[in-house]
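Given the structure of chain A, go ahead and fit chain B onto it with the hints provided.
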Amino acid sequence: MAFIDEAKTQGRTPIQIVELDLDSCSLTYGTSPCTAAIGVTGEDKCYNTFGTCQDTLNYNKTTKTYRFISNSAFIPVGENIIPCLKSVSFAPTKISIGVGLGYRSSCNIVLQDFIHNDRGIDPYVSDRSYDTAQGTYFGKLFARNQYYNGRIVRVRTGYMGDGYDVNNFKTREYIIESIDGPDANGTVRIVGKDILKKIDNDRVKIPEVSTGELSVAMTISDTSLTLTPIGVGSEYPASGIIKIGKEIMTYTSISGDVISGITRAQYLTTATTHSINDSVQICKLYDYENIIDIMYDIMVNYADIPTSYIPYNNNPADPDEWDDEKSVWLATKNYTTLISTPTGAQTLLDELVEQGLIVMWWDEVTQKIKIKSIAPPTYFDIIPEINDTTTIIKESSRVNNKDSDRNSQIWAYYSPITWAELSKEEDFKRVYISADLEKESVNEFGDSRKKVIKSRWFATENETRVFTQRYLNGTKNILKELVFKADAKDASLNLGNYVNITTRTRQSVTGAPETIQYCIVEKKWTQAGHELEYTACEAWYQDQRYIYFSQNTTPDYTSASDEEKARYSFISFDENNILNGTFTTDLTNWTDTALSTTIWDAGGFAKITRNSAGVGRLFYQSVDLTHRYQWRIYVDIINNPTGDLMVSIYDESLNLMQSLSYGTIIKDNMYRTFTPTAPIKYISFEPTNISDPIHIDNVRVVNASEPVSSGMSNGDTPYLII
Amino acid sequence: MNHSIAYDNLLTGATLVVSSEATGFEGANAATWTTYDWWKPAATGTSYITATLPAALKADYFAVFAHDIDTTGSTIRLEYSIDGGTNWIPCTPYLSTPDVIYHRMAQVVASKWRVKLSCPTAVASVAVISFGEIMDIPLGVPESMITPDRAFGNEYMSNIGDNGRLLGNTLLRNAASITIEALLQDPTWITTYWIPFIAHAETKAFFYVWDDTNAAFCWTDGNIPDIEYIGSIWNNAKINVKAQTWLS
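Which chain is which? The protein sequence lines are A and B, in order.
Note that the working numbering has the first sequence beginning at 1, numbered continuously upward.
Note that the working numbering has the second sequence beginning at 723, numbered continuously upward.
Read the hints as simulated data drawn from the structure, not as lab findings.
Any given hint might turn out to be false.
Here are the simulated DSS-like pairs of lysine-lysine, each with C-alpha atoms no more than 27 Å apart in a straight line [claimed, not checked]: (1) A:K451 with A:K480; (2) A:K140 with B:K838; (3) A:K86 with B:K926; (4) A:K94 with A:K429; (5) A:K205 with A:K424.
Computed from the model, here is a short list of chain B residues facing chain A with C-beta under 8 Å [what the hints assert, rightly or not]: (6) L738; (7) W760; (8) M879; (9) L893.
Quick look at which bits of chain A chain B covers, simulated, 3 or more residues with Cβ under 8 Å [unchecked claim]: (10) 340-354; (11) 384-390; (12) 462-473; (13) 529-537.
Yeah, the Cβ is synthetic: ideal placement off N, Cα and C, and Gly gets one too.
With the rest of the complex left out, here is chain A (with noise of 0.2 Å):
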C-alpha cells in the first residue's frame, strides 16, 4: 500500500530505518586482480575497505549499505537490519521567499553501540584467528571505514501495514557531515546534510580561481601575453576573456602558455600597465543566457551536483519541472553578466533567486532540487482546503508575524560602471527605487524599512522596475506565517504547495474565520509516522495581480466553468464586447491593412478583396442568439467601393440558415435583420461584383427590438462588436 494510503489506515504502525551507504571492494581477498597475500601484503586479511586495502591499485570501489531499525519491537523478517537506532531528527528545508535558498535541511541520527560477532559485517570473519566477537560493531565498522564524509545516509520513514515493503517508504537522503562515536556510552552521532551544501561558498567559486599569472609585465598596449608557471596554459580555454588588476580583455587563441589575440579594455574597464606576477583571472560570461539555465550551469558544471538531482530536461518536448517553471514564468527572464571575480556558488544562486523573484530548495524526500516562481497558482493547480474541524490538530496552529521582512522602499542598484567590480553601491551607474511612501506615514506603518540589491543580472529599467515594483508589493506589508500541526493522513502537502486555509486563529475584522492561501514553507514530522507541522506563508501575491496567458486547453470564455471566468480573463477584439460569447475569426483571406497581418484589432478593418476565393467568417459560438426572436448585424464599410454584399448565417452544423443581402454598398453602417431558427455557428460576409477590395469594420450584433441609429452611437446595447 502506498505510503499516503497507509498514512490514512487507522492503527498504523509507523517505522524508520536509516541506511548508511560506505565504500567496500568488490574484489575478493588474494583473488586476482587483488594481488593482495597474508604474510606478503599484510598480517591478516583485509576489510574489503580502502583503509585496510593491501593492493589499492586493484581496489574496485562498490557500496556496502548497513541497516538500522529504532529498537523496537518490530523487525522485518529477513531483513539485515539492525535495531540500534536511538532517535531520528530533522531540521526540515524552510523556504525563504524572496531571500535566498532559505533553510536548508539536515538530519541528526543517534544509534547505540553493541557487542557484535562480526557475522555479515566482517567478509572473512571466519577466517579470522582472533576472536570475532571482541569490540562492537560500531567501533569496529568505523575503524576499518575511515573515508565516510560526503557519502549517503537515507532516512526511510514508513508504515508496518500489509508487510513490510520499503519501497512504500518516504526516503530521505543526506550527505555525511560528520560522525562522532561511539563514545563511553556506546552513542554514535551521525550528522547528514543535504546535497545543497555543494554549492556553499567555501567549496565552489564561479569561475574558478586561476592560477597563471603574467611572467612578464605587460604594456599599456601588448596584446599577448605568456603566463608562469610553466604548464598553466592547460587551465585557460582556446579563447575567452580574462582580468589582470582591473582590466577585463579579450583573446581568441593560447599556445601553451602564451595568449595572443588580445583585445585591451573591455567590459567597460581601461587599459593599464601590468606587474610582472599579476594573476590572469578567467571570467566567465553569460551572455543573455536564460535564469534556468544559469542556475543548472553553476550546479551541474560548477558545483558537480548530480543531474539526477535536477528536474530539467531543457527539451519542450519532454518537459520536467523546471522546465515547466521556465515555459510558465520565466521564459522572458535572460540575463547577461560577466563575472570577473570569483564569486562563491552560493552567492550567485541567492542572488539569482531573490532577484529572479523565485524559491528554490532541496525536497529531501523527492530528492530533487526544486524551483518555484513567486507567483499563483496555475490553471491546473490544485488547491487543498484546511480547516480547523479536518485537518489542524486541536490547539495546535499560531500565527507569526514577519515585522522584520516589511519593506517601504527597494533600491536596486543596476547598470555597473565597469564589469571588473561589482561589490559596492558606487560600482553602479543607475538605481531604481519603488517606494511606498504611505506605508511610513504615521497613519500606517509609521517607518522606513529600505532594502537594497546591487544587481549583476538587471540590464534594463524595465526590468529592475519590475522587480523592485513586485518586491515591494509582496513585502510593503506585515507577512503572516501560519504554523500549524496536521496528522499523518495529511502528509501529502508538501514544500511549495498552496493551500487554502481557514482557521479561528486568522480572523476577519468581523471576528469571523477567514480563508487565506497560503504556501507551504516547511514540513517537519514532529512524530515520525504520526503527526507533521507546517509552516504556511501567506503568499505573496494576496494584493498583487498577475497576468498569464494560459494552456492551450483552456476553453473559450463560452465553455468556461465559472471558476474558470472567475479565474481569468479572456481577450476579445474590442472593449467590453464579452457579454453572452465570444467571436473567434477565420481570417482567411482577409487582412489587416492597418498591421499588415493577419490579426484583425480594434485599430485595423477587414479587407475583402473582389477577387478572393474564400470567404472571410466571423465564428460564433453560440449562446443567447437562439432565445431572440430577432437580430440585426450592422456592419460599417470603410471605404466606398460599388457593388453588392452578402452575409450568411450558418448553424452549428454548418447548414445555412439564411443568406441576407446587404444589397448595394453604401459607405459607414449598414444592417440586416434576421431570425434565427437554431444556434449561430457563424456569420459570413461575401462581397460580389465588387470595383475596389471592401473595407468593413465594426460587426455588430444587437436585438432587433433595439432602436434603429446609424453608427449605432446612441446609447444601444450591441451583444457582439467585432
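Chain B in isolation, oriented as in the chain A frame:
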C-alpha cells in the same frame, strides 16, 4: 498453571554444520539469541543445521522465534541421532505456527542433533532456534503474576481536530512488560536452578512458558530484584522482563 523457562540452548555449545545458507544469512545466526540476524537457506528445499556436542546432553523443549516459516509455507522440526548421524529420529512433529513456535517433548539424550527446515515453495528466514533442557518453576504461576498474554505494552497515539473529531491514530508496538515470579521457593532450588538462569538472563534472551504450551520470547528489562527470604525459610525470586509473543 505450570510455568517454565527455556534458556538452555544446545546449539550454542555445539559444532554446527549448515547444509545451505544464503550469503549474509548464516546458519550460525540462528544459534544466537539476537532477532536481527537470520538463517536463510540459499534455495528452496530441505536444509539442515546439524549440531554435534562434545557429550550427550538432554533436551525436552524446542522453540523458534522471529521467523516466517508459516507465511512461506515451510515447516521445521528437531531430530536426533544415536548412531553418529546415520539415522535420524524426529523428536517433534513438523511445526509451522506463527509467532513463537514452542514444543514440549519427551526428554531425549543425545550428542547429535539436527534442525530440519523444509521450504518447498519459498525460502524461510529464522532468527532464533533453541532446544535443550527446560527449567520448570515449582508451585505454578503465582496469583500475583500477569502472564504475557494478559500484558499489553503497545502505545496508542491519536490526533483530534478542533471539534474533537478523530483525525488519525497510531499504534506503536512494544513488547509487554511483565515480572516473572518464582515465589516461596526452596533455597536449594534457587541455588541450583534460578541463579544459573539469572546468569544467562543478564546478557541473553530466553523463552518463558506458561501453561506448558504458550511461550513468549523474553529479555531482561531493568534491574534484577534481589532474592527475598520469606520467614527465613522460603525464597521469593523475580525478574522483570520484556515479553514478546509476536514479531510483527
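Hints, verified against the model:
no., hint, in the structure
1, A:K451 with A:K480, "holds (19 Å)"
2, A:K140 with B:K838, "violated (34 Å)"
3, A:K86 with B:K926, "holds (20 Å)"
4, A:K94 with A:K429, "violated (35 Å)"
5, A:K205 with A:K424, "holds (20 Å)"
6, L738, "violated (12 Å)"
7, W760, "holds (6 Å)"
8, M879, "holds (6 Å)"
9, L893, "holds (5 Å)"
10, 340-354, "violated (count 0)"
11, 384-390, "holds (count 3)"
12, 462-473, "violated (count 0)"
13, 529-537, "holds (count 3)"
Checked against the numbered hints given earlier, this structure breaks hints 2, 4, 6, 10 and 12; the rest are met.
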